[in-house]
Amino acid sequence: MWTGFKRMVHAGFIGFWRNAYVSLAAVFVMTVTLFVVGSVLLVGQLLNASLVEIRDKVDINVYMVPSAQEEDIVKLQTSLEALPDVREVTYTSREEALTAFQERHKDDELTIQALDELGDNPLGASLAIRAAETSQYEGIANFISDQQINEDPANPLIDRVNYFQNKEAIEKLTAIIGAVERGSYIAMIILVIATVLITLNTVRLAIFTSREEISVMRLVGASNMFIRGPFILQGIVYGIIAGVLTLLVLYPIVLWLGPATEGFFQFNIFSYYIGHFGYLFFVIVGSGIVLGALASILAITRYLRV
Amino acid sequence: MIYFDNVSKIYNGGDSIALQNVTFQVAPQEFVSIVGHSGAGKTTLLKMLIAEDFPTDGTVFFESLNVHSIPRGQLPNFRRKIGTVFQDFKLLPHKTAWENVAFAMEANGRTDEEIAENVPQALALVDLSAKILQFPHELSGGEKQRVAIARAIVNQPDIIIADEPTGNLDPIATYEVVQILKKINDLGTTVIMTTHNKGVIDALGRRVITMDEGKIIRDDSEGKYVL
Numbered sequence: 001m002w003t004g005f006k007r008m009v010h011a012g013f014i015g016f017w018r019n020a021y022v023s024l025a026a027v028f029v030m031t032v033t034l035f036v037v038g039s040v041l042l043v044g045q046l047l048n049a050s051l052v053e054i055r056d057k058v059d060i061n062v063y064m065v066p067s068a069q070e071e072d073i074v075k076l077q078t079s080l081e082a083l084p085d086v087r088e089v090t091y092t093s094r095e096e097a098l099t100a101f102q103e104r105h106k107d108d109e110l111t112i113q114a115l116d117e118l119g120d121n122p123l124g125a126s127l128a129i130r131a132a133e134t135s136q137y138e139g140i141a142n143f144i145s146d147q148q149i150n151e152d153p154a155n156p157l158i159d160r161v162n163y164f165q166n167k168e169a170i171e172k173l174t175a176i177i178g179a180v181e182r183g184s185y186i187a188m189i190i191l192v193i194a195t196v197l198i199t200l201n202t203v204r205l206a207i208f209t210s211r212e213e214i215s216v217m218r219l220v221g222a223s224n225m226f227i228r229g230p231f232i233l234q235g236i237v238y239g240i241i242a243g244v245l246t247l248l249v250l251y252p253i254v255l256w257l258g259p260a261t262e263g264f265f266q267f268n269i270f271s272y273y274i275g276h277f278g279y280l281f282f283v284i285v286g287s288g289i290v291l292g293a294l295a296s297i298l299a300i301t302r303y304l305r306v
Numbered sequence: 001m002i003y004f005d006n007v008s009k010i011y012n013g014g015d016s017i018a019l020q021n022v023t024f025q026v027a028p029q030e031f032v033s034i035v036g037h038s039g040a041g042k043t044t045l046l047k048m049l050i051a052e053d054f055p056t057d058g059t060v061f062f063e064s065l066n067v068h069s070i071p072r073g074q075l076p077n078f079r080r081k082i083g084t085v086f087q088d089f090k091l092l093p094h095k096t097a098w099e100n101v102a103f104a105m106e107a108n109g110r111t112d113e114e115i116a117e118n119v120p121q122a123l124a125l126v127d128l129s130a131k132i133l134q135f136p137h138e139l140s141g142g143e144k145q146r147v148a149i150a151r152a153i154v155n156q157p158d159i160i161i162a163d164e165p166t167g168n169l170d171p172i173a174t175y176e177v178v179q180i181l182k183k184i185n186d187l188g189t190t191v192i193m194t195t196h197n198k199g200v201i202d203a204l205g206r207r208v209i210t211m212d213e214g215k216i217i218r219d220d221s222e223g224k225y226v227l
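From first to last, the protein sequence lines stand for chains A and B. Just so it is clear: in the first sequence, position 183 is 183 by the numbering used here, and no numbers are missing. Just so it is clear: in the second sequence, position 65 is 65 by the numbering used here, and no numbers are missing.
Next comes chain A alone, as it looks inside the complex (with noise of 0.2 Å):
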């Protein structure tokens, strides 16, 4: 068994050697699929990120009336708890909301004299609600309308709520966000298949050359494996290579693109790259394993009747 294994990859590396030139065409294929798909790995992270990132600062707002009594708005909050999409309700007492106004405005002169010329708090008290998906505001946001719509005309409770000016960001970021995931998927798939092609074509000639090696091994009662084996391990000697090569190349992307990355989406590409070293390089190497053995294999069995 072992010794089959060593005379396997001796045959494999020397097919690969001896077909050097086509050898590096193919890698160079398997390079730029492997490059897109580590992209897409890397993109998709920051994308995720980003989305989290704003997913987190999505909340919708329910304002209360200044006059509303306490009781009701923590009752308020006990009920919108219940609700099994939400995850978090804040309470913003009027007095919070004034501290926090006064700070927000610590620096406007004029507006600190004209609520000083109020003399009364006119802020309401506020809720925020924090669902758990971006999608279930909706729901939360139509319970709050019907809640609203029962409430006792003489004694008001809620003012306004902020869902309906958010609720068109929140879809339009959503929608972004998968657009330029398919988009990416769709290029990826493209690439394989062209790789898969491009390889399974480089596989041939490597046959074609050694048909004559071929057609002594099946006369002397070579196994099938043993003629295939080489063919094979030289598809994933391609996708290793690839890999590595692939992995080197997103080295300075990264770290040119970093503190941009940083900057813009709060989220370092330059530190997921080396935190996640062990991750991507079983996902792009692994990939170019399968690619390359995927397209041996293809190619052996339509071209070597064995």
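Hints listed in this document are in silico derivations from the structure and should not be mistaken for laboratory results. Some hints here could point you the wrong way.
What the hints assert, rightly or not - Only pairs whose alpha carbons sit at most 27 Å apart, straight line, appear in this in silico BS3-like list of lysine-lysine:
| hint | chain 1 | residue 1 | chain 2 | residue 2 |
| --- | --- | --- | --- | --- |
| 1 | B | K47 | A | K6 |
| 2 | B | K90 | A | K6 |
| 3 | B | K183 | B | K131 |
| 4 | B | K131 | B | K95 |
| 5 | B | K215 | B | K198 |
| 6 | B | K131 | B | K90 |
| 7 | B | K81 | A | K6 |
| 8 | B | K224 | B | K183 |
| 9 | B | K47 | B | K215 |
Treat the numbers as computed from the prediction; the structure is a model and nothing was measured.
Given chain A's structure and the hints, the job is docking chain B onto it.
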């Protein structure tokens, strides 16, 4: 040992008949020569035996095994029982004589120790011990054919099939190759050889099957070349 039962091979839906109702047997340790003009069906007959080609009708048995019912995956195992020698040698040009013979053992999954032991023996049997490190292009035609014979016997097959082994050789090399095949036969291996060469057949004095237009027309146990 080998039994052809009413075997026919027809190409192109009846246009060209390669074999027609061929029936014969080969006993263990026999030396059988098959003679006939080009296109008489000799090579087709040998291809049937190693399951390279399928008969249109009839069956070919190797011992009790129907050769054409062997699953594809098992064919290599079956072919290891048969050593083959061809007119054009089919040696690998980038390998030395030693490597060409060793290659057949590697392909059979034999260990390095077995290879180191058996390859020199096989090359000694064909009288090439002095040229084991030569490449095919450095050898004469007869020497190349002897390397090919060494390769065919190194896995100790039950049968040697030689398709026109002397077709490309001068008379002296022809004589040497036939002597080696005879020696292998004397050591207990069945040999089936096709040939055009009248001199070879007449000198051998063994069984001769004569074919013409896909049919066996003569089968003499101590035959001469008669056509």
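Review point. Any hints this thing doesn't respect? Which numbers, in order?
Key: 1
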